[in-house]
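A.B. asks: Read off the chains here:
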Amino acid sequence: MNVNIKVFKSTKSTVQVGFGTVTFENFVNIRFGIINSNYGLRVSWPFDKYVSNGETKYDNKVTFVNEDDRKLIDSNIIKEYNRIAGITSTSSGGKADLKFDYGENENTNQEYKNNADTLTKEDDNNDIPDIEWDTE
Amino acid sequence: MLKVKKVIILKNGKQGSATIVLSEGDSELIINKVIIDLNNGSDPIKSPTFDNTPIVSGDKAQTLFNFILKVFNKISDTSPGLYEITSSSITKLGAK
Numbered sequence: 001m002n003v004n005i006k007v008f009k010s011t012k013s014t015v016q017v018g019f020g021t022v023t024f025e026n027f028v029n030i031r032f033g034i035i036n037s038n039y040g041l042r043v044s045w046p047f048d049k050y051v052s053n054g055e056t057k058y059d060n061k062v063t064f065v066n067e068d069d070r071k072l073i074d075s076n077i078i079k080e081y082n083r084i085a086g087i088t089s090t091s092s093g094g095k096a097d098l099k100f101d102y103g104e105n106e107n108t109n110q111e112y113k114n115n116a117d118t119l120t121k122e123d124d125n126n127d128i129p130d131i132e133w134d135t136e
Numbered sequence: 001m002l003k004v005k006k007v008i009i010l011k012n013g014k015q016g017s018a019t020i021v022l023s024e025g026d027s028e029l030i031i032n033k034v035i036i037d038l039n040n041g042s043d044p045i046k047s048p049t050f051d052n053t054p055i056v057s058g059d060k061a062q063t064l065f066n067f068i069l070k071v072f073n074k075i076s077d078t079s080p081g082l083y084e085i086t087s088s089s090i091t092k093l094g095a096k
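Those sequence lines, one after another, are chains A and B.
Under my numbering, think of the first position of the first sequence as 1, with each following residue one higher.
Under my numbering, think of the first position of the second sequence as 1, with each following residue one higher.
Bear in mind the hints are in silico, worked out from the structure with no lab data behind them.
Since we're looking at a predicted model, the values are computed, not measured.
Glycine included, each C-beta is placed from N, C-alpha and C at the ideal position.
Just so you know, not all the hints are guaranteed correct.
[Unchecked claim] Result set (BS3-like, lysine-lysine): computed pairs, CA atoms no more than 25 Å apart in a straight line:
1. B:70 - B:6
2. B:60 - B:46
3. B:33 - A:57
4. B:74 - B:33
5. B:5 - B:92
6. B:92 - B:14
7. A:49 - B:46
8. A:49 - A:12
9. B:74 - B:5
10. A:6 - A:57
11. A:71 - B:5
12. B:60 - B:74
13. A:6 - B:92
14. B:6 - A:71
15. B:92 - B:46
16. B:33 - B:5
17. B:5 - B:70
18. B:46 - B:33
19. B:14 - A:71
20. A:49 - B:33
21. B:46 - B:5
22. A:6 - B:14
23. B:60 - B:33
24. B:60 - B:6
25. B:70 - B:33
26. B:33 - B:6
27. A:6 - B:33
28. B:14 - B:74
29. A:57 - B:46
[Claimed, not checked] Which residues of chain A face chain B? A few of them, derived with a C-beta cut under 8 Å, are:
30. 13
31. 17
32. 25
33. 50
34. 67
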């Protein structure tokens, strides 16, 4: 899977010291923040914060099912942040782009349109969505 | 290539939400909180956002959103509940 990471250095806050975007296959663009916490730099992914029964709760808007995927992307983000933070002055934001592949190799033999046909065959308009389904 | 594994729709009348499960190989990415509101005429489906920026965007995303809306419209308003959509089926997981 092609993953494109853009990292920006922020000088507006001492807590959120950076931000950026991870783009998966030009399909999903996920914004993230880079937080300078007591435990060092960490990546903050989008979430909803709310209070239920007096207790603060968080709902992730994005979930990496495989924790190793998140760790890999987090480490690349932090690595890239450290790189630009080291080469840019503190008076202005720095920017870096990083591209890498992760996950398994692309399976170009996967056929999916027949399956999409099945789902939409009762549809009067029958405009088959050009969606790539994982049918495995 | 990133593919759609399944979509979970929670329908309650004209409103609801969707969760999209994307995958490639052993890697899976879940996009939560896609908001659907058919009362919101010109903008019935919205991507979750971060700093007011949509998380899911682009032509592929729009195609998928249109598809989700189409399935959402197919489900009767009088049959609220949770639905799982795969490439070949729509399954009701439970009533609301």
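A.B. asks: Looking at the structure, which of the earlier hints fail to hold?
C.D. replies: Result: hints 10, 13, 19, 22, 30, 31, 33, 34 break, sorted rising.
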